[in-house]
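Visitor: Those protein sequences? They're chains A and B, same order as listed.
If you use our numbering, the first sequence corresponds to residues 1 to 255, in order.
If you use our numbering, the second sequence corresponds to residues 1 to 357, in order.
Hints are not guaranteed to be accurate.
Derived pair list, reagent style BS3-like, types lysine-lysine, alpha-carbon separation capped at 27 Å [stated by the list, open to error]:
#1 B/Lys200 x A/Lys10
#2 A/Lys254 x B/Lys203
#3 A/Lys199 x B/Lys198
#4 B/Lys200 x A/Lys196
#5 B/Lys46 x A/Lys195
#6 A/Lys195 x B/Lys198
#7 A/Lys225 x A/Lys199
#8 A/Lys199 x B/Lys203
#9 A/Lys199 x B/Lys200
Everything labelled a hint here was simulated from the structure, so no lab data went into it.
On a predicted model such as this, the values are computed, not experimentally measured, just so you know.
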Amino acid sequence: MSQKTAITKKPICKRPTFRMLPLGFCSGCHYGIIYRLLDEVIQEMGVKGDAICIGGGGCSMIGAMAMDIDTFGGPHGPGAAIASALKRVSPNAFIFAVQGDGEQGAIGLGSFVATAARGENITVITMNNACYGMTGGQLAPTTLLGMVTPTTPEGRDHGMSGYPMHGPELVAPLKGVAYAARGTVHTPANRQKSKKMLKNAFQKQQQRLGFGVVEFLSACPTNWKLSPTDCIQFIEEKMLPEFPLGEFKNIERKE
Amino acid sequence: MTERILSTGNDAVARAAIYAGCKNYFGYPITPQSEIAHYMARELPKIGGCFLQSEGEYAAAYMLLGAALSGERALTSTSSPGVALMQEPLSMMITAEIPAVVVDTQRLGPGTGTGGQQGQTDYSFVTRGVYGGIHYPVLAPYSVSEIFEFVQLAFHIADKYRVLTMVLTDFILGRMTEYLELKTFAFGPLPEKDWALKGKAHKGGRTDFLLTVTGMMLDIPGFFAHQQEKSNRIIDSETRYETYKAEDADLLIVAYGYTARVSKRAVNMAREQGIKAGLFRPITLWPFPKEALKREALKAGKVLVVEDSPGGLAEDVKSAVEGVSPVHFLGIQARHTASPEGLIFPERILQEVRELL
Chain A
1 MSQKTAITKK PICKRPTFRM LPLGFCSGCH YGIIYRLLDE VIQEMGVKGD AICIGGGGCS
61 MIGAMAMDID TFGGPHGPGA AIASALKRVS PNAFIFAVQG DGEQGAIGLG SFVATAARGE
121 NITVITMNNA CYGMTGGQLA PTTLLGMVTP TTPEGRDHGM SGYPMHGPEL VAPLKGVAYA
181 ARGTVHTPAN RQKSKKMLKN AFQKQQQRLG FGVVEFLSAC PTNWKLSPTD CIQFIEEKML
241 PEFPLGEFKN IERKE
Chain B
1 MTERILSTGN DAVARAAIYA GCKNYFGYPI TPQSEIAHYM ARELPKIGGC FLQSEGEYAA
61 AYMLLGAALS GERALTSTSS PGVALMQEPL SMMITAEIPA VVVDTQRLGP GTGTGGQQGQ
121 TDYSFVTRGV YGGIHYPVLA PYSVSEIFEF VQLAFHIADK YRVLTMVLTD FILGRMTEYL
181 ELKTFAFGPL PEKDWALKGK AHKGGRTDFL LTVTGMMLDI PGFFAHQQEK SNRIIDSETR
241 YETYKAEDAD LLIVAYGYTA RVSKRAVNMA REQGIKAGLF RPITLWPFPK EALKREALKA
301 GKVLVVEDSP GGLAEDVKSA VEGVSPVHFL GIQARHTASP EGLIFPERIL QEVRELL
């Protein structure tokens, strides 16, 4: 005998509120999902009124522009430095910087590592799609070995352009870092796990425990030249072996 | 009664910022201005301010931007190569109209330059605006008390027009010690910073997004029309200069910064000998006081630019007085010695004046 559940009008989660919709990402891009998670977590934690987003330069900025909170964006790379200073002068604001993998591992690497080492009470969200999405899919610090891009036409060769960079693992050993993790949003289960990671990272900021970073794996169908469903398979088979998921640092109190 | 103290030019920068209500400093060590950072590192924590030594000048200017996003006043200081590293963030701040103040205690020469010696070789570099075709105001003090006043004025101009503002000093001005009257200058009312990022809960639910992407907030012609309109207001209201014994001068010396001090002395020496020399000193290097200089040059008939560089100011002077008066130039070749201690002395300027008259 099936028991009918009464339809409740109580929402189980709030809808994301964006300043502009659609966000304008390519079909099959995961950035929209990541921004939705960001908005959900901010709403659930009740920090939306104090939240300020520092966007970068590149595809990641498009979502930052749409967030229904105070936002700055445009410069490519220095998000962690900007967020550091803003947090120091507005210690009660809730500040996160969203950046691409090129901003984390190449042009903004200096500020990313220096900010982590200083233990700034900010959160960095990195979107890793293994290429420079906005400029045409060129070699990024996170491009997989063998992957063909316009600047690695024969595939990434480690003798020529080195090995993929792992941002969260790189900064995790630094004493200033309270939280470092990598998640993915290509399956519903992983989406929920990643949401928990975001929450954990944001809680470290609230508890003033230090720097937090969450990297998200993300599809780039346009530049990978794969269909959205093939992208999911690519993440599963190629990205995950190179970029392990999980928490690399999660401290409960300051050392 | 205002307190009168002895201060170096570099310390005067830091003191002025604090007197102007700026409690946030970001910077990276570079000679000959690191004393500004030393002062701020010592004093800002005492008043609940923020001192942060960055991972480089590029980051320092982005930190300046980050702090200024809050609506608070913020300062960075550096020297010539550091300004080069700051070009992108400075252009971003101008584009998104985020006001703050940068001090360039210029050092001599291109490349690494001479770290601890005088020179005025940044003129063209800092007065032509940032990439993207937008200018920003540049103030050029020539004494410690002027440094103290102009840094405060720079904060006022920055907030009044929502524009990045620079104060250009040099090794000599930064390291010299003079009397200074400690006071806060009142320059008039300022608009409310309703654009500042504070979180929507603190702005009645309203959100702002400040973007550096030209053409995304306004259409392209609209963006440049807005910037041009602002530039015109700055040119109309903020152009500043000073003349000294120029009324009856037969020759007008044009100089700024430390060479203006030397030139003033040369003018006095010339007058003692019955030679009618005068001085025109641009105080804002951008906007450049073109009209006033043209007027004064027309009266004098002869112009001599004195500048401790191969010529930057000279170009602005030439374009201002073109067709009105010949422009003569006494530059870095007129230093008294070839070593980095070389200076253009008043006697050398006087000699040039005598030859021209």
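Visitor: Run every hint past the structure and note whether it holds.
Guide: Now the hints, each set against the structure:
1. B/Lys200 x A/Lys10: Cα-Cα ~26 Å, so holds.
2. A/Lys254 x B/Lys203: violated, 33 Å
3. A/Lys199 x B/Lys198: holds, 22 Å
4. B/Lys200 x A/Lys196: holds, 25 Å
5. B/Lys46 x A/Lys195: violated, 41 Å
6. A/Lys195 x B/Lys198: holds, 25 Å
7. A/Lys225 x A/Lys199: Given that 27 Å is the threshold and the Cα spacing comes to 33 Å, the pair is violated.
8. A/Lys199 x B/Lys203: holds, 25 Å
9. A/Lys199 x B/Lys200: Judged against 27 Å, a Cα distance of about 20 Å means the pair holds.
Going down the numbered hints, you'll see the structure goes against 2, 5 and 7, while the others check out.
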